[in-house]
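S.K.: Using the hints, position chain B against chain A.
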Amino acid sequence: MAKSTTDKARNAAFVREPEYPVTTMAVVAPIVGWLIPGAGHLLLKRYGRGLLIMLSVVAMFAIGLGMQGRIYKPNGGDILDILGFVGDVGAGVLYFLARMQGWGDLMAANAAADYGKTFLIVAGLLNYIAAADAHHIALGKKP
Amino acid sequence: MNITLSHFSAAVVFAVFASIVFGITQRNTTMEQVKYGLYCFAMFVGGVFVAGWVMALIRR
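If you read the protein sequences in the order shown, they are chains A and B. If you want our numbering, it's the position in the first sequence, counting the first as 1, plus 130. If you want our numbering, it's the position in the second sequence, counting the first as 1, plus 28.
If we strip away everything but chain A, and leave its shape as in the complex, we get (with noise of 0.2 angstroms):
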């Protein structure tokens, strides 16, 4: 029983992942899809899903800014406010696109503008996820 066990576990230990290599597409494709949400789907081929996340960062982006939601700025002081820039900054270049407009520049005080710089914050980090999304499908991790 103890020597089935050891063997598992030293069979185990043998057991190599598939390796996936590092192609150019598989660092170009996170960089874009970051720069343009679902670009980075669009561009290996997944046309829908590229479409759909692009819908869905965009529209909450948007309705983030409708909301009268605030854009953080890079900054070195508190560490919501640095987390909070980290979200934005996640949505690309709807971002710079924000900032460069002056977009998210009011301080309004209600709970509206509250939910629209969470929404604001997530649509940054959904973008995020999708871009990691993309390496795996250019590494070949994905269908």
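Where hints are given, some of them may not hold.
Unchecked claim - No farther apart than 27 angstroms at their CA atoms in a straight line, the calculated lysine-lysine pairs in the DSSO-like style are these:
{"#": "1", "chain 1": "A", "residue 1": "Lys175", "chain 2": "A", "residue 2": "Lys271"}
{"#": "2", "chain 1": "A", "residue 1": "Lys175", "chain 2": "B", "residue 2": "Lys63"}
{"#": "3", "chain 1": "A", "residue 1": "Lys272", "chain 2": "B", "residue 2": "Lys63"}
{"#": "4", "chain 1": "B", "residue 1": "Lys63", "chain 2": "A", "residue 2": "Lys271"}
Honestly, the hints are just simulated from the structure, not real lab data.
M.R.: Okay, now just chain B, sitting in the frame of chain A:
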């Protein structure tokens, strides 16, 4: 542009878009993605109702 959503409608809109991305990114086949997306949506909206009832009971 000024969008005014109630707490509930904001939560449902949030659930729709988050569920779409979760479904696409966390499952492999189309059918699995649809099922997982619907599951996430149900959990989000169900969570809103549960949290609402908990807050209502605490307030009493």
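S.K.: All hints are to be evaluated individually against the structure, with a verdict given for each.
M.R.: How the hints compare with the structure:
1. A/Lys175 to A/Lys271: It holds: about 16 angstroms lies between the C-alpha atoms, which stays within 27 angstroms.
2. A/Lys175 to B/Lys63: 23 angstroms, holds
3. A/Lys272 to B/Lys63: The given pair, whose Cα atoms are some 18 angstroms apart, holds under the 27 angstroms limit.
4. B/Lys63 to A/Lys271: With Cα atoms ~21 angstroms apart, B/Lys63 and A/Lys271 stay inside 27 angstroms; holds.
Comparing the model with each earlier hint shows no violations; every hint is respected.
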